[in-house]
Structures are given as C-alpha cells and as structure tokens.
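Colleague: Kindly generate the complete structure, drawing on both the sequences and the hints.
Single-letter residue listing:
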Amino acid sequence: MNVIALSHSQDRDFIAQVEKESGQNVSLCYQCGNCTAGCPYTFVYDIPVHQMMRLLQAGQKEALLSCRSVWLCATCQSCTTRCPNNIDVAHIVDVLRHMARREGYSTEYGVKSFVDSFLESVEKNGRAFEMGLLLRFIGKTGRFWTDVDLAPKILPKGKLSPLPHKVKNPEAIAKIFERFRQECQK
Amino acid sequence: MSQKLRYAYYPGCSGQGTSKEYEQSTRAVCEALGMELVDIPDWSCCGSSPAHTVDHRLSSALSGRNLALAERLEGVSAILTPCPSCLTNLKVSAHKMKDPEFAAEVNALLDFPVRNTLPVKSILQAIYEDVGPDALRPKAVRLLTGLKLAPYYGCIMNRPPHIMEFDDHENPIAMDQLMEAIGAEAVTFPLKVECCGASFGVARRDIVQKLSGKLLDTAASNGADAVVTACPLCQMNLDLRQDQINVANNTSHNMPVFYYTQLIGLALGMTPSQVGLEKLEVSPMALLESLPARAEAQAQAAKKPASKGAQS
Ligand code: SF4
Ligand code: SF4
Chain U
1 MNVIALSHSQ
11 DRDFIAQVEK
21 ESGQNVSLCY
31 QCGNCTAGCP
41 YTFVYDIPVH
51 QMMRLLQAGQ
61 KEALLSCRSV
71 WLCATCQSCT
81 TRCPNNIDVA
91 HIVDVLRHMA
101 RREGYSTEYG
111 VKSFVDSFLE
121 SVEKNGRAFE
131 MGLLLRFIGK
141 TGRFWTDVDL
151 APKILPKGKL
161 SPLPHKVKNP
171 EAIAKIFERF
181 RQECQK
Chain F
1 MSQKLRYAYY
11 PGCSGQGTSK
21 EYEQSTRAVC
31 EALGMELVDI
41 PDWSCCGSSP
51 AHTVDHRLSS
61 ALSGRNLALA
71 ERLEGVSAIL
81 TPCPSCLTNL
91 KVSAHKMKDP
101 EFAAEVNALL
111 DFPVRNTLPV
121 KSILQAIYED
131 VGPDALRPKA
141 VRLLTGLKLA
151 PYYGCIMNRP
161 PHIMEFDDHE
171 NPIAMDQLME
181 AIGAEAVTFP
191 LKVECCGASF
201 GVARRDIVQK
211 LSGKLLDTAA
221 SNGADAVVTA
231 CPLCQMNLDL
241 RQDQINVANN
251 TSHNMPVFYY
261 TQLIGLALGM
271 TPSQVGLEKL
281 EVSPMALLES
291 LPARAEAQAQ
301 AAKKPASKGA
311 QS
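Protein sequence lines, in the order shown, are assigned to chains U and F.
FYI, in my numbering the residues of the first sequence are 1 to 186.
FYI, in my numbering the residues of the second sequence are 1 to 312.
FYI, nobody ran anything at the bench for these hints, they're computed from the structure.
One should not assume that every hint holds.
[Said to hold, decoys possible] Keeping only pairs whose Cα atoms sit at most 30 Å apart, straight-line, the calculated DSS-like set for lysine-lysine is:
1. F:98 <-> U:20
2. F:210 <-> U:157
3. U:140 <-> U:166
4. U:153 <-> F:98
5. F:148 <-> U:175
6. U:157 <-> U:140
7. F:148 <-> U:157
8. F:20 <-> U:166
9. U:140 <-> F:20
10. U:140 <-> F:210
11. F:214 <-> U:157
12. U:157 <-> U:175
13. U:153 <-> F:148
14. F:96 <-> U:153
15. U:157 <-> U:124
16. F:304 <-> F:148
17. F:96 <-> U:166
18. U:166 <-> U:124
19. U:140 <-> U:124
20. U:20 <-> F:210
21. F:96 <-> U:168
22. U:186 <-> U:153
23. U:166 <-> U:153
24. U:157 <-> F:98
25. F:20 <-> F:210
26. U:186 <-> F:98
27. F:98 <-> F:148
28. F:304 <-> U:153
29. U:175 <-> F:98
30. F:96 <-> U:186
31. F:20 <-> U:168
32. U:175 <-> F:210
33. F:148 <-> U:124
34. F:20 <-> U:124
Modeller: Structure below.
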C-alpha cells in the first residue's frame, strides 16, 4: 500500500487543469469501484482506474502521468457508462494521456509508437495506410518480428495494398496537422 | 419507407484494406434494401483512436473535415458509416462541437467550418431503424436456419449512451433481431459490449489474446457456431488473430467471424463471393454448407412432439 503525505504533495493546479480539460468534477467520485469492476484492462494496469481517480483527487501528478495505465486504456467507455455519478472517467484518462504525452512521458513506448506511426501515416496520405503504418512501427521500435506470422494469412487475400490509398488532396490534411502544431506552440 | 433513403456515406480507412469484405457487403446490402449511399467526396481519415489519445482538437478536426464535406451534399438525411471507431470519432466531434468555444478552436484548424447540421449514425442503426427486421424478413430468399451466432457489438457501438444514442448500452439487440429476421439464432452472449483488445494487437498482442480469447471461449460455451460482428477491429482480432489466440491460450477454436452485412447479403440471395466470404481467415464454408441438413433436422425435431401429442 502506498502512503501519500497529502499536505506536501497535493498539486491543486494539476487537479484544476484536468477538470478544465475534461469538463469533469473529480470530487464527485466516492470510490465505489464500479469503474474498475468493469474495466477489461485492469489485468495489465499498474494503477486500477478507481485508484487513478483517487490519486487525481489527491493531486498526485507525477504518479498519474508516469503510470502505464494511461497508455493502456482503450477508451472502451465501460467506466464512463457505469459510473453512478456520471463522471466521464474515460475522458479523464484520455486527458491524463494527453498531459503525459505533452510532458514527455512514454511509459508504454510500443503503444506511443503505434499511435505516432498511425498519425504520421494519416498526415502523409490523408488516410491510414495499414502496410505503411506497420513498417513505420517496426522502424520505430525495432520489433521486426511484429505479426510476421500474419503475413501469409493476409497477403493472399488482397487486403493489404502495398501502396497507400491517398486522398486527392493530401495537403489539406497535412495543413490540419500543421495548424494544430502552430496552435500548440502559442 | 415510402420516402427515398439517401445518406452521406463515410467508408473509413479499414474498408479499403483489412475490412474490404465489410465494405463490399455493406454496399451490396444497402443497395438491395433501397438505401442510397452517396460517398463523401475525397473523405479523409477520421483520426480513429490514435488522434483522440493525442488531442481532442486534432481528433475533432480530422473528423470535422468529413462532417463539413458531407454537409455540402444535397438531399441526404444523415451521415452513415459501417465502422464503430469512425462512428465514435465522428459523433464525439459533432457532440463536442455543440460547445461554441470548442467548435471555434476546431474550425480554426479547418479550411471550411463544420456547421453540425447532419446526424451521424452507424449503417447498423440505419438498417435497423429505417428498414427494420420486419421489412427485412420477407426479403430473405435464403433463410439461415440452424446457424447459431454470438452477436458481438463491441465496446463503442452503443457507449457511452448519451453520445451514441442507439439501442441498449448493456444489452443491445438490433443485430440479434436482424439475424433472427434472416432465420439465424442469436445465442445468449453476455459479452456483447466487452472490449476485444482494440488496436493493441500490434503493440501489445498479449492484451488481445487475453480479451479476444475470452470472447471466443464464451461464444463457444454458449453454443455459438460463429460470431457475428459490426466492427472491423473486433473482426480482425477475433478472426485473423484466432491462431495467435489459440496458441497463447492453448485452445483450438475454429470459429468463423462474420460481418452482419455478409449474412444479410447471403439471405438476400447474394453469392459468397459477392459478400466477400473468401476474405475471412477462418473459412465459414463448411458451416454454411451444413445448414440445410441442420434446418431439416430442426424441422424434424419440431414435428416430433406434435405427432407424439396427436397419437396419445
Ligand atoms: S465508478 Fe465513478 S464514483 Fe465509482 S470509483 Fe469509479 S469514478 Fe469513482
Ligand atoms: S475506458 Fe479505459 S479505464 Fe475505462 S473501463 Fe475502458 S479501458 Fe478501463
């Protein structure tokens, strides 16, 4: 069990920031545990989701932004759907993940690399390009054996195009990313 | 149904690749049911799960571009997509953009603004609500009697309910009823809305093996011959990764995983290749070929108690 000295480590600005970005009131959580009971990912989490909520109420920024759970949540919406206080828990976890990313954490490097590979593919082609995305992921992580066993299954079915399906005007999509980066720097 | 059914159609990226058979069967079934799909011109990726895990403005802008393009189409009543992941992104964006401040931030990233005038629905919702099981039933020329299906909706088709606004969020029944309308049986399946492992197949395959493994185990123990789904990611995890799952969990499932549109298409008289059955990894052909004999056996079994009753 972890003991936290609240008087020293409670980061109130962090709580306010999460509440602002998620539009949720974190003090509504009364620790019933419903979210964790229905969360399919508890078996791989280092901090179960109801405990993330408690740490959030206690303003434990470092513990939350450095945990694995924020990267492993699949946004399956079970917690949000079942919270008796109508807290959008999945949205809160999403916001914690945004913050972790902005502050340079990548506790689950593979997961982060997959997301990055996906978005790079979309920025370049306007659409997700599955083959290119897999190659990018392998390039980033060095996991060259990723899903090689699936190749003989999927290739003969003509599902994976070796070339991207681009939109007519990929620059229009690249511009969205470009403007987004400019906004982030403001 | 007297009014012409005409919709803006968002196919989604996986329909061009790993879920080609879903795309193909969706188009064929909609055409057969008199639902006109008008492709959103030069549609682009909705951002899928990766974008919303990075930033909500970026995610909403990637989806928003498509909403805005669809709004320019004439005479369409809604935006439809077959893919629950695209559906969620498009719906969440539209929902969040009801907040003018957020809408302004998103529109600043776009070439032209979203007006947020069209509802977004899944193809499943449109088939269920605008056509419906009762209108589908008489159109079925080949009933799939004897086929026992585990109806698997996936985690986000119906959740969270205040955004998805369709069917029940714990026990959805739309697909069950459509399958029953074409003669198949939907078995009890308590994991209808559980998560399959989503897009973790590449980065954390162990997660998919555990969660999708549980789905296959539960489908089998409830007597299902096959799983029927409406989601490309669920289908891929359960079907393409079924061998990986079997190896990891020491199981021996050989369970076909259909898209519900493939089965409706078959019932409407389409050929297996018209609905892309050959694109499935676990072949369903032996199962489908066994159906006439099963239907016969079922009919015999149904007769028996009646004749017994007549004798006594
Ligand atoms: S379900 Fe809601 S109230 Fe209960 S522990 Fe989770 S967040 Fe708190
Ligand atoms: S949304 Fe995330 S935290 Fe909530 S139940 Fe699903 S995986 Fe768990």
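Colleague: Does each hint hold? Answer for all of them.
Modeller: Against the structure, the hints:
1. F:98 <-> U:20: Distance ~17 Å between residue 98 of chain F and residue 20 of chain U Cα, so the pair holds.
2. F:210 <-> U:157: holds, 26 Å
3. U:140 <-> U:166: At roughly 23 Å apart (the allowed maximum being 30 Å), residue 166 of chain U and residue 140 of chain U satisfy the hint.
4. U:153 <-> F:98: violated, 44 Å
5. F:148 <-> U:175: Given pair residue 148 of chain F, residue 175 of chain U is violated - Cα atoms ~49 Å apart, limit 30 Å.
6. U:157 <-> U:140: Given pair residue 157 of chain U, residue 140 of chain U holds - Cα atoms ~27 Å apart, limit 30 Å.
7. F:148 <-> U:157: holds, 26 Å
8. F:20 <-> U:166: holds, 16 Å
9. U:140 <-> F:20: holds, 28 Å
10. U:140 <-> F:210: Given pair residue 140 of chain U, residue 210 of chain F holds - Cα atoms ~26 Å apart, limit 30 Å.
11. F:214 <-> U:157: holds, 27 Å
12. U:157 <-> U:175: Roughly 35 Å separates the two Cα atoms, so the pair is violated.
13. U:153 <-> F:148: holds, 26 Å
14. F:96 <-> U:153: Since the Cα atoms of residue 96 of chain F and residue 153 of chain U sit roughly 40 Å apart, the hinted pair is violated (cutoff 30 Å).
15. U:157 <-> U:124: holds, 26 Å
16. F:304 <-> F:148: Holds: residue 304 of chain F and residue 148 of chain F sit about 22 Å apart, inside 30 Å.
17. F:96 <-> U:166: Holds - the C-alpha atoms of residue 166 of chain U and residue 96 of chain F are around 28 Å apart, at most 30 Å.
18. U:166 <-> U:124: With a Cα-Cα distance of about 9 Å, the restraint between residue 166 of chain U and residue 124 of chain U holds, given a limit of 30 Å.
19. U:140 <-> U:124: holds, 17 Å
20. U:20 <-> F:210: With a Cα-Cα distance of about 35 Å, the restraint between residue 20 of chain U and residue 210 of chain F is violated, given a limit of 30 Å.
21. F:96 <-> U:168: Satisfied, since the Cα-Cα distance of roughly 28 Å is no more than 30 Å.
22. U:186 <-> U:153: violated, 47 Å
23. U:166 <-> U:153: holds, 25 Å
24. U:157 <-> F:98: With a Cα-Cα distance of about 42 Å, the restraint between residue 157 of chain U and residue 98 of chain F is violated, given a limit of 30 Å.
25. F:20 <-> F:210: holds, 26 Å
26. U:186 <-> F:98: holds, 24 Å
27. F:98 <-> F:148: Not satisfied, since the Cα-Cα distance of roughly 42 Å exceeds 30 Å.
28. F:304 <-> U:153: Not satisfied, since the Cα-Cα distance of roughly 45 Å exceeds 30 Å.
29. U:175 <-> F:98: Holds. Residue 175 of chain U to residue 98 of chain F sits at ~24 Å (cutoff 30 Å).
30. F:96 <-> U:186: holds, 22 Å
31. F:20 <-> U:168: Holds, at about 20 Å.
32. U:175 <-> F:210: Distance of about 40 Å is beyond 30 Å: violated.
33. F:148 <-> U:124: Answer violated: residue 148 of chain F to residue 124 of chain U is near 44 Å, above 30 Å.
34. F:20 <-> U:124: holds, 22 Å
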